[in-house]
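K.L.:
Chains as they are written, first to last, in our numbering: chain A, 1 to 302; chain B, 1 to 394.
Honestly, the hints are just simulated from the structure, not real lab data.
We treat Cβ as the ideally placed atom computed from N, Cα and C, and that holds for glycine.
Some hints here could point you the wrong way.
Said to hold, decoys possible - Pairs of lysine-lysine, DSS-like flavour, derived with a Cα cap of 25 angstroms: (1) B:K118 <-> A:K198; (2) A:K198 <-> B:K11; (3) A:K297 <-> B:K100; (4) B:K66 <-> A:K198; (5) B:K141 <-> A:K297; (6) B:K261 <-> B:K380; (7) B:K111 <-> A:K198; (8) A:K198 <-> B:K261; (9) B:K328 <-> B:K370; (10) B:K11 <-> B:K100; (11) B:K100 <-> A:K198; (12) A:K296 <-> B:K195; (13) A:K297 <-> B:K370; (14) A:K198 <-> B:K61; (15) B:K141 <-> A:K198.
Stated by the list, open to error - Sample of chain B residues facing chain A (criterion: CB under 10 angstroms; computed from the structure): (16) F105; (17) L107; (18) E108; (19) L110; (20) K111; (21) A154; (22) N174; (23) L175; (24) R192.
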Amino acid sequence: MAGKRSEHNGAKGWLYLLPALLFLGAFMVYPLFDVFVYSFEEGYHSASQTYFGTGLYNYSYVLHDPYFLQAVKNTLILVVITVPLSTGIALLISVGLNSITPLRNLFQTIYFLPYVTNTLAVGLVFMILFQKTAYSDGLINLMITWFGGSAVDFIDGPYWAKMFVLCFYTIWVVMPFKILILTSALASVNQEYYNAAKVDGTSAFRTFMRITLPMISPMIFYLIITGFIGAFKAYSDVVALFGTNLNAAEMNTIVGYVYDMLYGDSGGYPSYASAAAILLFCIVLTITCINLLISKKNVHYS
Amino acid sequence: MEVVLQNLTKKFPGRGRKNHEEVIAVNDFTFKIPDGKLIGLLGPSGCGKSTTLNLISGLQKPTSGKIFFGTDDVTHLQPEHRGIGLVFQNYALYPHLTVKQNILFPLENLKGKDKLSKQEMLEKAYEAAKLVQIEELMERKPGELSGGQQQRVAIARALVKMPRVLLLDEPLSNLDARLRLQTREEIRRIQRETKITTIFVTHDQEEAMSISDMIVVMNAGVVQQIGRPQEVYDNPANLFVAKFLGTPPINVFEGRISGRKLYIGEEAVLDVSGGSENSGISGNSGDREVYVGIRPEGFRLRDDGPLGCEFGSVEVMGRDISVISTNKASLNAKVRSIISTDHMGKIEKVCSADGFSQTSYVRFALIPHKVFLFDRKTEKRIAFQADGTKGEEC
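Only chain A is shown next, with the shape it has when bound in the complex (with noise of 0.2 angstroms):
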């Protein structure tokens, strides 16, 4: 009796899943299987569904693709500066709010307020501050003449130039939800931790370093485990600054080229597309591997 009793409850509770499990297997895991199949399909055609054979030769097209290895090495940069700058920025700019009382909350808003924006909006208004036209230099090469320097095209100029701007608007992008994450983990440290220490003289800079930053490493963790996926999957910042034609600019990102080899030339390479998903997969799934072995160490979880 029990057992078949257990066992109605098992079906039960898998009728309570079903709905969860047709969405999740419909658009999650079924997709991620296809894509998989696809990279190794060989010229395979999404209207015809044809194929000529299958074997590795997407993936070795894709890795010789100068255009993938730009892509690859944008990306690469991008997410080793932002990541540790935008978190690190914002770790700062939260013990700032956390530590002054008056007008804390304006503050907080005005911090906020990028979140809230369009992510095209921002690009345009970058734009207009970095982007040299036939009237004007842009904001910022305006100040740069004025104190004494040369004016640079960010937009459409040097690399660097490009790079930097990019770094600058993916850091200011990020900023906003990392201080809200960052802010509500300082504020939730019990104050008495804070007075132990103080009845025991420790410098401010000792308790920072051995109280806060191991009472919020769990969050602080969170945030760079998202901050290097998002920056792994940065695209529509990079089109909102450089437009849609990013293998030109030398600009382009590992989803912008599956995006281009989708979509481009007309008709597109699905398989290519595929092949380089998957390789964008494996580079996440490794660097997010290795930063949970590292946590393992350094996040305390109470």
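Take the given structure of chain A and dock chain B to it, following the hints.
P.N.:
Just chain B, lined up with the frame of chain A:
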């Protein structure tokens, strides 16, 4: 280290539109805490006892008044320069550090000439750990310890720098009843061994009574009475102190003094006369309305006793019995009296005599020194002397 509070006052500004009146958490405290004693700050929640502790620790600054440790004026010193150890109510152990790291933490902050070598720090940490008997837990994290063990670690961390004054904020409130009993003995032992002046805050009068050398009873930011626990219990200065100390609590009646007799309701229960010149009970001019406080152990069951109460029920506690009855003049809903089990027979007679269908009465004689009189208005104690032996027994 002797701790002296001088006219210590702490006011908190009112917040918001509704309560813009400032709150006086600590009102003009002046008292001296002798060296090497264990002192309990006792009072109901919100009476300002934690604020007092925070003022002594330096985590809060007094609005006015002074604090001395011995002869040093520490009023304006930062907490770290006062030489105090503080144990927080929730222990505030750093959860990401091991017990050892937690105990070492205060030592690692020492700078300049006080700086210790690694070896010295470890020695001190183990010394403190040994004192509170947690040597075998040094490598664990606080999350892996029981409440009582965490408490010990917190005390070890507070003691490791050999503070001049040890402060404990509600040290037992997070422990279960059995552990509480054990831990308070521990605190007593540790205090005796280290001879560090220790001040602890509690709302539990039993806790304060059992281990303190001296208790400071507080209410609404005002010190009510200071003294040795038994003294305060036997000689409460006012109605609040009488009510606050003792379990079960004291029974309070509305009474009056008329012609050197104390009346509760219509019954004259004690013959009284002035205990001192200014007590105001002398001759007929001393007739007045009073509150009568009678400790539960101040009742004696006697068939011809002067105080009659409607019998309610009996609780047998093993060692003694509580007789629960009601009296019209009583301010408590129930009059609770504790009598020894020798009188069980009498109680059974009361129970069986009339049955439960109708009201039965119990009569009590009173033990005079368990009876306190308080002024109706000021609620201050009125000293009196019981005449004759009407109430005496046993």
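K.L.:
Look at each hint and say if it fits the structure.
P.N.:
Cross-check of the supplied hints:
The hinted pair formed by B:K118 and A:K198 meets the criterion: a straight-line CA distance of about 22 angstroms does not exceed 25 angstroms. Between the alpha carbons of A:K198 and B:K11 the distance comes to roughly 22 angstroms, so the proposed pair stays at or under 25 angstroms and holds. Taken as a hint, the A:K297 and B:K100 pair is honoured in the structure, with Cα atoms around 18 angstroms apart against an allowance of 25 angstroms. Restraint check for B:K66 and A:K198: the C-alpha separation of about 21 angstroms stays at or below 25 angstroms, so the hint holds.
Among the hinted pairs, B:K141 with A:K297 is consistent with the structure: their alpha-carbon atoms are about 15 angstroms apart, no more than 25 angstroms. Between B:K261 and B:K380 the CA atoms are separated by roughly 19 angstroms; this keeps the pair inside 25 angstroms, and the hint holds. A distance of roughly 15 angstroms separates the Cα atoms of B:K111 and A:K198; the hinted pair therefore holds under the 25 angstroms criterion. In summary, the hint linking A:K198 to B:K261 is not supported, as the alpha carbons are separated by about 60 angstroms, beyond the 25 angstroms threshold.
Annotation: proposed proximity of B:K328 to B:K370 holds, straight-line Cα distance about 20 angstroms (limit 25 angstroms). In summary, the hint linking B:K11 to B:K100 is not supported, as the alpha carbons are separated by about 39 angstroms, beyond the 25 angstroms threshold. About 19 angstroms separates the Cα atoms of B:K100 and A:K198, which keeps this hinted pair within 25 angstroms; it holds. At roughly 44 angstroms between alpha-carbon atoms, A:K296 and B:K195 are farther apart than 25 angstroms, so this suggested pair is violated.
Only pairs whose Cα atoms come within 25 angstroms are accepted, and A:K297 paired with B:K370 is rejected, the gap being roughly 64 angstroms. Note on A:K198 and B:K61: the hinted pairing holds, with a Cα-Cα distance of about 14 angstroms set against a maximum of 25 angstroms. A C-alpha spacing of about 22 angstroms is found between B:K141 and A:K198, which places the hinted pair at or below 25 angstroms, so the restraint holds. This hint holds: B:F105 has a C-beta 6 angstroms from the nearest C-beta of chain A, less than the 10 angstroms allowed.
The criterion of a C-beta within 10 angstroms of any C-beta in chain A is met by B:L107, whose closest approach is roughly 9 angstroms, and the hint holds. For B:E108, the shortest C-beta to C-beta distance to chain A is roughly 8 angstroms, which falls under 10 angstroms, so the interface hint holds. At its closest, the beta carbon of B:L110 sits 8 angstroms from a beta carbon of chain A; the interface hint therefore holds under the 10 angstroms criterion. Against a cut-off of 10 angstroms between C-beta atoms, the interface hint on B:K111 holds, since the closest Cβ of chain A lies about 8 angstroms away.
At about 9 angstroms, the closest approach between the beta carbon of B:A154 and any beta carbon in chain A falls short of 10 angstroms, and the interface hint on this residue holds. Annotation: interface hint on B:N174 violated; nearest CB of chain A at approximately 13 angstroms, more than 10 angstroms. Given hint, B:L175 at the interface with chain A, is violated; its Cβ is 17 angstroms from that chain's nearest Cβ, farther than 10 angstroms. Hint status for B:R192: violated, given a least beta-carbon distance of 23 angstroms to chain A, over 10 angstroms.
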